Amino acid sequence: MTTDVGRSEAPGGAVGWVETRLHLGPFLNALLHVPIPRNAKTFYLGGITLFLFGIQVVTGTLLALYYSPTPDAAYESVLSITSDVSFGWLIRSVHHWAANLMILFLALHVLRIFVQAAYKYPRELTWLVGGGLLLITIGFGFTGYLLPWDQRAYWATVVGTEIAGGVPVIGPALLLLLRGGAEVSEATLGRFFGIHVLVLPLLLAGLLGLHLLFVHQQGLANPKYPEPRPGRPAPARPPERLKPFFPDYILDEVIAWYAVLAALVILASLFPAGLEPKADPLVTPEHIKPEWYFLAVYQLLKVVPETVGVVAPVALVLVIVVLPLFDRGEEVLPRRRPIAIACAVLLLVALAVLTFYGAQV
Amino acid sequence: MRTLRPFLLPALVAIGSLLVVSMAAAGTPADDSAGPSRVFEVSQATPTPEVPLETAPPLPTPIAHRGDATSTGCVDCHAKVDARQAGIADEWQASIHAREGVGCADCHGGDPTSDEITVGMAQAGGFQGVPDREDTVGLCGGCHASAERMRPYQVATDQYSKYFSSVHGQRLLVAKDDRVAICTDCHCSHGVKPASDPTAAVYPLNVPGLCASCHADASKMQPYGIPTDQFDLYELSIHGVQLLEEQDLRAPTCASCHGSHAAKPPRSDEVVDVCGSCHTATQALYEESAHSRLEGVGPKCWTCHGTHDVSEPNESLFLHEGGVPDYLCATCHSPTDQSLRLEMDRFEDPADRRCDTCHHTRSLIYSQVEAIAGAVGGARDAYDTALLRIDDAAALGMIVADADVAAQEAMTELIKARAAVHTTKLTTISALTDATVVKAGEAEALANAKLADSDFRRQAMVVVIALIALNVLVLISLRRRLHAQG
Ligand code: HEM
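Top line first, the protein sequences correspond to chains A and B. Sequence positions in the first sequence follow this note's numbering and run 3 to 363. Sequence positions in the second sequence follow this note's numbering and run 9 to 494.
Because the hints were derived from the structure by calculation, they are not lab data. Nothing here was measured: the structure is a model prediction, and the numbers come from that model. One or more of the hints may lead you astray.
[As the list claims (entries may be wrong)] Covered stretches of chain B (chain A as the covering partner; in silico rule of three or more C-beta atoms under 8 Å from a C-beta of chain A): (1) 61-67; (2) 190-204; (3) 482-488.
[What the hints assert, rightly or not] If we take Cβ atoms under 7 Å as the criterion, some of the chain A residues that face chain B in the derived model are: (4) Leu-64; (5) Tyr-260; (6) Val-262; (7) Ala-264; (8) Ser-271.
Glycine included, every Cβ here is placed at the ideal spot set by N, Cα and C.
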């Protein structure tokens, strides 16, 4: 079937009117042509992450209309969003849950790519840019957590910035930079807000454009066969069978998005985002708990010396980001990559155990 | 009250002085027969005029000696005698006395500048050995009652005179009974520490245990015929739990009500002032009451709340649960002249600390008690209901901050209403319980609105999910057609 959108003999009406002037047809046509191997299995994880980012942009913009980023007004403005603004509770709860799901699906996306070895030649740069996306998304979580200015927000940020302060050499400077002073204060809230609603969205949008451009240029990886490399004999393999990106792949993707939307609606309705008492720098709560995706690091810090607990996660992320640079084997099937898979399983078990114990008490 | 006084006053003075005289003459503690202990209890329960106190003996002058606390003659030898003596030396070294230059010879006399036993411990040189228990109070007082000596330390100098006004001091003085507590029993002989030192026996958290070390000892108290269950009662009381478990230094220790140096059970007519020294607002309300106007014979704090066993008050204090008690005229009236007379032992059982222990069901006041109990109980119920609704809403994930605020306001009114019970004035109380009910109603309405909102969200969720499902179905059929074509 053909997926040609624009032809030289443009259709009439509004579309034709625009087409005769801008000749967008060939461009859109190229945009909708992404080589998708028939046996590619993405589980739509990257697309779902993209969808959730879209949800965050929309709900975040709406929240920003009512939110005030000062310690005097932040808490009250969030309270008013949830109780006075029509459907404010829904917007806030969806933003809350989509943030969590975004981290979850991002992790699954990375896992899928790791297992299928889609980070190998020629997709090293897609993975590298992805590493940037991962850091930015975590940054969203960290900066957004403070904004409600309740006890949990405040103290998690006190502890979180403290942890950043434990980084060797640059720690103290980093702590000061994050907090904008010695304490978590108005300055901290101001910069977290600015980073959360301006800096990170622009960065994410830019890198995401690059990421998708790369994917568009290279098409999806075939999980069964390695990509033929220049200057090496191409391994014997059946000819690549492709399926159309539009409408076939997109249709399935949209169905997946609907499923995630349904999950969001259910989560937001049954478990709306809560709010603890207003932040009080003089009252330290008994238990300070970060978001679930920081629990492993939090727990690690309890069992190893501070420097190790801070350096290890940073080193781990760096190793993951540069993975394609040292893991250059041609094999893509998991059973032919025992060392890589064993490392990943070990890492996942360690993360699960740390998260489990971090969640206690 | 007015008719009672002329008879009771001389009688009790007579009994009291008889007791004191007999103790003084025999030099033995009061025996534990029912007679004297009965008198002791009546004297707590009814406004008994004080037996005139024997005045404190004149202060001895502090021991004069050579050298000072830096003279090490005593410690040099004694620390080597045996482990006990070495321990004494260590205790003293760690004491506030050692720090402030009070040495061995200040209490024991002798010459601390000498290393020779024949010189240092020569009686001719003023060595006095271990002071008698009877002399110890004067020995401490010699310095501690001297405003001049104590000036640099900014500590009180009235312990000596207070001590001799205490039950301990009077027995020591009048009956020459040296088994009573003297200074060193609480403060230690050698290891004296300031009361602000948490390791001191007299640090507030340690005071109940300190008093109990004698007063909970049946063999020590047996000669005096006084109960030994105070610590057990106190430990479980709201005061005891707050002090001993919560380590809350604001909670009263034994000394807060009985005094420390002037230790003595507060008289019935002193109780209101004693409790009121902390419970100021409640005292003011009580003083507006009909109870307070009865003065000496009226119910006091202890009548409803007990003494050592004060528990968290609640609405059960109004009326007996199920069945009105067996009224005895003697519960409230003197058998001889029918005048009002509340005995403490009649209210020993917490179950008897109820309004209807005195106010007969057929009395006019009983119906007023019922009305007050109803108003306070109703306000409490309204508050509890609001809290339940708020909990329901919170359990559904709703943010209930505004309902919480309203509930807190209701609680404030309820606290005021409960305090106002001490005025015994129905109009005052019901104004506050009405305010509680109104505020609790607001809180409940807010919580109900959240519950309704949560219901709406669930229903809307079902509709939205149905719409999404419909969309997905359309997309799936589109997909089928696509595959059929492809
Ligand atoms: C905001 C975060 C991200 C978004 C929205 C996103 C989105 C996407 C999308 C839509 C695709 C197309 C295939 C699919 O749907 O799975 C994709 C592919 C890919 N992504 Fe991401 N991604 C993100 C983060 C990451 C991260 C953190 C990494 C790795 C560290 C990464 C590495 C890759 C790679 C290597 C591919 C190519 C996969 C293939 O060809 O099969 N991405 N990404």
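Quick rundown of the hints versus the structure:
Evaluation of the coverage hint for the region 61-67 of chain B: breached, as 0 residues show C-beta separations to chain A shorter than 8 Å, against a requirement of three. Beta-carbon proximity to chain A at under 8 Å applies to 0 residues in the region 190-204 of chain B; the threshold of 3 is not reached and the given coverage is violated. For the region 482-488 of chain B, the stated coverage by chain A is satisfied: 4 residues place a CB nearer than 8 Å to a CB of that chain, which reaches the threshold of 3. Taking 7 Å as the C-beta cut-off, the interface hint given for Leu-64 of chain A is violated, the closest approach to chain B being about 17 Å.
Annotation: Tyr-260 of chain A was flagged as interfacial toward chain B, and the flag holds, the nearest CB pair being 5 Å apart, inside 7 Å. Taking 7 Å as the C-beta cut-off, the interface hint given for Val-262 of chain A is violated, the closest approach to chain B being about 10 Å. For Ala-264 of chain A, the interface hint holds, the least distance from its beta-carbon to any beta-carbon of chain B being 5 Å, beneath 7 Å. With 7 Å as the threshold, the beta carbon of Ser-271 of chain A comes within range of chain B, its nearest partner Cβ sitting at about 4 Å, so the hint holds.
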